[in-house]
Amino acid sequence: MPAPIRLRELIRTIRTARTQAEEREMIQKESAAIRSSFREEDNTYRCRNVAKLLYMHMLGYPAHFGQLECLKLIASQKFTDKRIGYLGAMLLLDERQDVHLLMTNCIKNDLNHSTQYVQGLALCTLGCMGSSEMCRDLAGEVEKLLKTSNSYLRKKAALCAVHVIRKVPELMEMFLPATKNLLSEKNHGVLHTSVVLLTEMCERSPDMLSHFRKLVPQLVRILKNLIMSGYSPEHDVSGISDPFLQVRILRLLRILGKGDDDSSEAMNDILAQVATNTETSKNVGNAILYETVLTIMDIKSESGLRVLAINILGRFLLNNDKNIRYVALTSLLKTVQTDHNAVQRHRSTIVDCLKDLDVSIKRRAMELSFALVNGNNIRGMMKELLYFLDSCDPEFKADCASGIFLAAEKYAPSKRWHIDTIMRVLTTAGSYVRDDCVPNLIQLITNSVEMHAYTVQRLYKALLDDISQQPFVQVSSWCIGEYGDLLVSGQCEEEDPIQVTEDEVLDVLEGLLASNLSSPVTRGYALTAVMKLSTRLSSVNRIKKVVSIYGSSIDVELQQRAVEYNALFKKYDHMRCALLERMPIMEKAAANGPTETVQTNGEAEPAGLEPKHPPTIIQPANQANDLLDLLGGNDVVPVISTAPAMKPASAGGELLDLLGGLSLSAPTPAPPIPMSQPPFLLDGLSSQPLFNDIATGIPPMTAYNKNGLKIDFTFERSNTNPNIAIITIHAANSTEAEMTNFVFQAAVPKTFQLQLLSPSSSIIPALNQGPVTQVIKVLNPQKQQLRMRIKLTYNHKGSPVQDLAEVNNFPPQSWQ
Amino acid sequence: MQFMLLFSRQGKLRLQKWYVPLSDKEKKKITRELVQTVLARKPKMCSFLEWRDLKIVYKRYASLYFCCAIEDQDNELITLEIIHRYVELLDKYFGSVCELDIIFNFEKAYFILDEFLLGGEAQETSKKNVLKAIEQADLLQENQSEDWGGLAAEEVL
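Protein chains in written order, with full-length UniProt numbering: chain X, 1 to 816; chain Y, 1 to 157.
Note that these hints are calculated values from the structure, not bench results. Fair warning: there could be bad hints in the mix.
Stated by the list, open to error - Counterexamples of contact, computed for chain Y against chain X with all Cβ distances above 10 Å:
1. K29
2. V38
3. M45
4. C46
5. R52
6. E81
7. D91
8. Y93
9. E124
10. L157
To be verified - Just a few of them, taken from the derived set where beta-carbon distance is under 7 Å, the chain Y residues facing chain X:
11. F48
12. L80
13. F104
14. G119
Every residue gets a Cβ at the ideal spot worked out from N, C-alpha and C, and that includes glycine.
Isolated chain Y (complex conformation):
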C-alpha cells in the first residue's frame, strides 16, 4: 500500500497515512485530486478505479470514505478486507465508532492503524491481538501519570 486517506463526504481530511516519501506539496495535490475523483463516483460504481499508475480501493462507511492506493500486484479484494478490518478495530475500540470519534481522537486512530499496518502491510491478522496491544500501550500511558506532576493521564493531551 502506498497511502491511505480518510475523508468526509464534504472532502475534509480526517486521517492520512503515507508509506511513500513525498513532499508536503505533492501530498496535498494528490489528496485534493483523489478526493475529488472519489467523491464524484456514483454510489453504484465499483470500489476500484485506476488513477495515475495506481489502483485505488475505496469504501464508504457512513459519512467517511476509506481510500487506499495499492500497487499493480496487490489484491484489490483483500484490500477491501483490510479496510474493513480497520473499521472493525476502530469500532471495537471506540464502541460503535462514528466520524466524530475519529475527529476528536485522531491520534488514537493513528495508534490503532500503526498496530495493524506497518509500512503498508498488515502486521497482525488477529483482531484480538491488535486490540490487546493498544490496550497495553494505553495502560502504559496511564501508569506514567506520576511523571505529569498531578495531571491525570487523560488530562495530558
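Only chain X is shown next, with the shape it has when bound in the complex:
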C-alpha cells in the first residue's frame, strides 16, 4: 500500500481543478482512499489523512467519517497526532454528536500530562467546545490547574473556567477559592484571563459582584501601573502598554462601579487620568478611550467626568476614521436620554453624519437626530431630516418618515408648518410611509380646521402629478372626499386658490378607482370619497352612476360599499346628509392635546398608547350603525383642550365634547380610567367588578315627552353578556296627526358601544294607536353611568320636525 499522498500535495492538486466538477471528482477519489486507509487502521499516516480531511471539510465536503479517527489521534502518544486530533475534534465534533463524550477521558488524561503543551491542547479544546457534560466531569481538573504556578497553564485554565461557567453556571462557586490571588500575578496573560474570569462571574451573580467589589483598589492600581510605567516592549502597541488588559480592566471596573457610590468614587481619578492621557492618534488609543467613556457613563461618576466623556465622544465624531465616528454615534445614542443637554451640543456634527456614505453611520445618525429634536431646533432639524428623507436609501425611508411624523406632532411650531411637513413627506416618500400613519395623518388634518382648504388644495395638486404612492393617495382621497367643497369653491387663504371644477375632482377620484396602481384599500378610500362628495358637490347624478357601476365590482369590499351607498341613494336618501356629514374633531384616545403645548424632549410618551383612532374613522360607511359619528351637530366645534382636567379623558368629558358642548351639569366624571382598549364589542375587559345579577326588574322610564311624542324605554339584560343592556324604545304619538318618516337616533359616550336595530315602522300612528318600537343594545364594559343623547326627526302635519334631547334619568340597575 503506497503512502497516502501528502497534505500539501493534495492541496496543490485540488487547486489545479478548473471546474467545480473536477474538484468534486478529486475530492471523492481522495475521500475513498482516506476511508480505506482508515479501515486498515494505519497508525503512521492517520494524522496525515485526518489533516487532508480537514482541508476538504473547509472546502465544504463531508468529513464525518473522520470523527472517530480524531479520537484515536487524541489518544495517541505522539504530539503531532494529538495536535491534529484535537484540531479535528474542534472542527468536526460538536456537542450534538454523542461521539464527543468519548473525548472526555482522553482530555482528562491530557490535563494531567507531563508536557505542558499537551495540557494546553486539552485545555484549549475543552474551553472552545466542551459540552455541559464534559464540563461537569472535568471542572475539578480545571480548577486544579487554575491554582498552578505555571502561568502558561494558569491563563488557559482561567479561560477554560469561563467556558465551564457559561455552560454550567452552578459550578461557578467551585472556582471562587482559586480566584483569591489571581490579580497578584505579574504575568499579563494570567492577569488578562483572570480579569475575564472575574468579569464573567460578576456578570452572572450579584453575590459574586459584591464579593469582588473589594478588588477595585487593586484593579485601579494595576491600571495605573500600566499607564504610568515606561515603555515595555513585550506588551507595547503603538506606544500604549497592553491595551487589551487596559480595556478588560476598564470593563470590569464598569461592572463593579455600577450603582455603587464607593467603588465609583474610588475609580474616578484613574478614569479621568486615562481619559486625558491616552494617545488618540491610533485606533488602539481610541479603543481604550471608548471603553473608558462607556465606563464613565455607566457608573456613578461625578458630572465633570461625564462632561469629559461626552466631549471625548464629540471629538470622536470629528475623527477622520469612520470606525471611530460609528462608535461615537452608538455611544451617544446610549447616553442621549440621561445626558441630553451635553449631547445637544454636538447636534450639528451629528446632523452632518446624515450625509455620510456609510449605511451604519447614517442609521445611527438618524436615530440620534430624532432623539435630539425639540421645540427649539425643530425647524432646522426638520429641514435636514427632510433632505435626508429625499436622498436616503429605501431601507431608511419608512423609519425616517415615521420619525418625522412623530417629531412634527410633538414640536410643530404652527399648524401650517405641520401640514406642510406632512405633505412633503407624503409626496417624497409616500409609498414608504407606514400603513398605520394614514389614520394618524387623517386625524391630524381633521383637527387642523382652519387648514382644511389649504390642505386639500395642496394634496389635490400633488395627486395630479403622481398617484402611485398608496399611503399618500389614501390620505389625499380621504381629504378630497371630506373637503371637496372647499376645493371647488376655491376658498384657500394660505396660498392662491386654484380653479377646480366638480368634474375635474370626480375625474381624479374615478381615475384612482380605475387605475392599476391603486391597491384595494386605496380604491375603498376613493369610492367612499366619491360618495361623500354627493352631499358636498352638486354632480349627484354622476356620483350615483359611479357608485352603481361598482355595485358589480369583483372586489368584494368595493362591491359591498357600492351596494350600501346605492341603498343610501335609493332607500335612505333622507339619512344620506346626516351620514355623510363633515367629520367631527376626533379626540386621540390618548388625549395628546393640540400642538400649542410644547413638550420638552425627553418627556416620556404617555404610557399605554392605544391605537390612535377608533377604527370607525377609516371606514365610516361601514359603521352606519355607529351613531357616535352621526350626531356631530352641524357646526364642527374644535375641541378646546382648555381643561387639563380633561386628561385623562373620562367618560363624562367625552360626551360633552362629542355633542357640541352643551352646558350640561357635568356629572362628576368617573375616576379616570385609562382607555386601554378601542370601543369594540369585547368581553370582560371591565376594570370594575362585574355585577352578575340578571336584572329582571329594571324599571322602565320615560326618556322623552314633547309635542305629543312620548318615548319610553324598557330594559332587559342580555343573557349572553351581562355588560349588554337591551333597551326597547316605545314611541307613541298622542296627537291627531300621524308622524311619518320617523327616525330615532342615539349617541352614547365613547366608553359605550351602541347598536341600533331596525324600527318596527317609520310611521307612528296618531292618537296612541300603536307605538313604534325599536331595540337598542348598549355595551357598557366599564360600568359607567349610562347617558344618551337622542335625535328625533319626523314629519308632522306636513312639516319636518327635528329635536335633540338628553336622556339622563336611566335607572342605576340598567348600567350597573
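Fit chain Y to the known structure of chain X by using the hints.
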C-alpha cells in the same frame, strides 16, 4: 467572540473558528450569508456592521478578509486590534505572510490562533510569548521523529 472567519475576495473560506455550538448546516448558512454581506461592502465603509443580533467586525488584509462576530457588550475597536495582532503573529511566523501560506499551512494558522485566543478571548497579550509557545510546540513535534519510523518531522503530514 462567537466566531471568526477568514475568506478570500472570491468568497472562499480559508479558516473558520467557532466558539459557539452550531450544527454544520447552520455554520454553512451563516458563513454563506455573512461572506456575501461583507463582500458587498464598499471599500470606504466602516468596519462594523450589525447582522442578526451580533456585531460584525471585519478588516481586509491584502486578499483576505478577517471577520469576527462579537457580542453586544464587546468593544469593537479593540476587536480590530485583536485581528491585527493575529495578522502580526501570522506574519512573524511565516515571514511576510500571504494568503497562500494560510492555504497551504492552514493547520499551523489554527495552532497559532489557538495559542492567542481561547474560548473567544485573548489568552496572551504578549506577541513574544505566543510565538515562543508555538515554537516550543513545533520543536516538540520535531523531537518525536523517532516515533515516525524514519519519517522526518516535516514529512509526517
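Here is how each hint holds up against the structure:
no. : hint : result
1   : K29  : 12 Å, holds
2   : V38  : 13 Å, holds
3   : M45  : 5 Å, violated
4   : C46  : 4 Å, violated
5   : R52  : 14 Å, holds
6   : E81  : 5 Å, violated
7   : D91  : 15 Å, holds
8   : Y93  : 15 Å, holds
9   : E124 : 4 Å, violated
10  : L157 : 5 Å, violated
11  : F48  : 6 Å, holds
12  : L80  : 6 Å, holds
13  : F104 : 5 Å, holds
14  : G119 : 4 Å, holds
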